[in-house]
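Dock chain to chain to rebuild the complex, using the hints, since each chain is given by itself in its own frame.
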Amino acid sequence: MKNKRTELKVSAIRSGTVIDHIPAENTFRVFAMLNLENSTDHVYFGTNLESSKLGKKGIIKISNIFFKPEEISKIALVAPHATLIEIKDYEIVKKEQVLLPDEIQKIVKCVNPKCVTNNQNVPTHFKVIYDHHGKMKLACRYCEKTMSIDDIEFV
Amino acid sequence: MINLKNRSLVSITDYSKEDILKVLDIAEDFEKDQRQKILTNHVIASLFFEPSTRTRLSFESAVQYLGGSIIGFASAGTSSVKKGESLKDTILTVSNYSDLIVMRNPLDGSARLASEVAPVPIINAGDGANQHPTQCLLDLYSIRKTQGTLENIHIALVGDLKYGRTVHSLVQALSLFNATFHLVSPESLKLPSGVKKWIKDAGLEYFQYTEFSDVISFADIIYMTRIQGERFPDPIEYEKVKNSYILENSMLEKSKETMRVLHPLPRVNEISEDVDENPRAYYFQQAKNGVYVRQALIAAILGLKK
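Chains as they are written, first to last, in my numbering: chain G, 1 to 155; chain W, 1001 to 1306.
These are calculated hints, taken from the structure and not from any lab test.
From the three backbone atoms N, C-alpha and C, an ideal C-beta is built for every residue, glycine too.
Take the hints with a grain of salt, since some may be wrong.
Said to hold, decoys possible - Here chain W is said to cover these stretches of chain G; the calculated rule only asks that three of the stretch's residues, wherever they fall, bring their Cβ under 8 Å from a Cβ of chain W:
1) 116-126
2) 129-140
3) 144-153
Just chain W, same shape as in the assembly (with noise of 0.2 Å):
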């Protein structure tokens, strides 16, 4: 029986296979449907110590579809972090006026702390470098509507596979569904061996590469982050492989006509423009995604939709 009500979402493992699913189901329901007024009468808290374009707003958007009301900030300097209060007295004064939390935060394990403190539920929203499970749930439900199924899927994650959170949840969520790796980056940003880990632990393969090569012509998802140059601690490596990894239309020639480009935005070049056109881009309707996968998950934690 799977229950998400009242459970705090604070990493994508929280989460097993079937409640996923679950989730990506009832979002299903909501791009057929999006204006259902199931939360009126109920305020949802948007804690944002730290500044999101596309989290925070698809947050909100999430909010005002079903009918609720929010309250919150969007910035530290706004709440009484800055007179010094503590993470867990905000949360537990925030729970007294709301019926859920969704809470970013930059340090690395707040989101932990805060559900472990909160009467109520809390949903990650980002906390650090650590986590961002609502953004790894619209990537699965965007490489499901594409590819009509999570299952056996070859992907190809691009650029910053070491830094890149988001690269590091869908790992984890994919290898519950069979996926094959196929890792593209320069030789200083590959995937962490502990995130490599998952992928041997659940008996899957990956390949590593340090070109684009010919993963383009047989990925059925090719999911693109951005290379950030201060990652490198020399100037010159970066210099070396910035515009290795830049993905142009003329390259999609021979990709699979259902492969789909995803990229968890904001992107600076990595993608260029002429890609835009091309119908296997997908990264604008994946951002879209995030409302419905997000309305799903506030509405199956707080007990309005099983």
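Chain G extracted, bound-state conformation (with noise of 0.2 Å):
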């Protein structure tokens, strides 16, 4: 009853992706990473809705458009609990869990000035590791830095 409400918040779409559970903090974010702002199709979003998992979430939905894997991998960095949902003629056709790979490869830019990756023409390459609380970081194949997902700029 209470996950039917917060459905009712946002418009329902014809065809297109809902991405749910998003950090209510990080809604905005997803929105900026997957260039939404430009986006000529209906896109309609939530945030601070009650989430019995997250406390807050956020959620977006997007008509018409479907995403690659690996701008699914950028949504996995600040929403690793995100659920992807398909929608073709009001069905769901697909209902999954976003995946952080284990590696990342060109979307996120080192932290490091000094970094090979920041100044010479070679594609990004990290490793995600996990800290000795559990906190997801990014290991940079090249100059070996460590940074937290706080930190992450996207190419």
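Okay, structure coming up:
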């Protein structure tokens, strides 16, 4: 019942993608990462919605757009528990949790200004690691620096 | 089966414990007989995009003792980098002229990039603030030689533990050998938590001190580093601590007789010159060991020694 009420706060879409269970504080980050401010299709979003899993969550619904795997891994960096739902003719055709790959290539900039990837024409490459508090970090394959997710900047 | 042939050495973590011991064993052989002319008909490229004294000269010395030829440059100003050539292009070109490339470059991660594009093996002679694995190997060689083993060493690391890349690599490597770490540094230059994690993950212990205190009396190795004033956000803070980490001969009275003082050099004033006469001073011999270790690496990577 509770879930249904949450759903109704953001309009249903006929066809497209729903990204649910975004941490509320990252809703706009996901919005920007997917370049949705330049979208010409219908985009609906809500944030600070009640969520039993996250406390406060965000949700984004985008008409007519289905995402490529590298775009999904981008989302996973700031919304690791997000659910991705694909809809066709008001029917859910696919529902899965976003998956963070073990390695992140090309999409994130290295935080170290002296890293070779910021000075030569070479795509970035990070390993996803976890520190002793279990916090997710990215370790640069080249300069070996690690950075926390709060510091990441996308290419 | 340990095989170092054709494997680049970019980071000390590229080598297993067995790989490290293999290099040290070969280096020992070169210490006994340095002039083994096994590198004739080989060309080694030495690309130093930034100045270096010890590392460059000891690599060149290593090649000469082995009877090989060396080509290259000693600063970026005399290479085509000045014309805007990319690192990748320089490496691909020089690979055509040599069997192995020794490279120092100011960019962090440049050696990993070079190793990915080069058809010949790369030895990292320092990539910015990141890694300097040959320094680490010569440190390990010096520890083993003076203590008879690398296992169960109590090492005191003193000075700038935050930015000193040699310290970070040495901690990573000694974590393979059951070391106990005594970390002596000002509050603002403590060992980064990422490096401490190596120690913890290996199930080993470390102790942190802000003063030299009694570590001198029980350490097997005192590894000194330079504290640079520009590392301090607050110059007053620097003035307060700069003299706290100077090793003087009188302080060594209570140390173990087998204890040795190491330093990656160059030193400024952190080891006073009166220590040089003490038999525990080992830093110049340490620099000499660098030649044996680099001979060993070149020979092993080119498959000339097993």
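Consistency of the hints with the structure:
1. Counting residues of the segment 116-126 of chain G whose CB lies closer than 8 Å to any CB of chain W gives 6, so the stated coverage by that chain holds, three being the minimum.
2. Given a C-beta distance limit of less than 8 Å, the hint that chain W covers the segment 129-140 of chain G holds, as 3 residues qualify and 3 suffice.
3. For a cut-off of 8 Å, the count of residues in the segment 144-153 of chain G with a CB near a CB of chain W stands at 3, and the three-residue condition holds.
In this structure, every one of the numbered hints holds.
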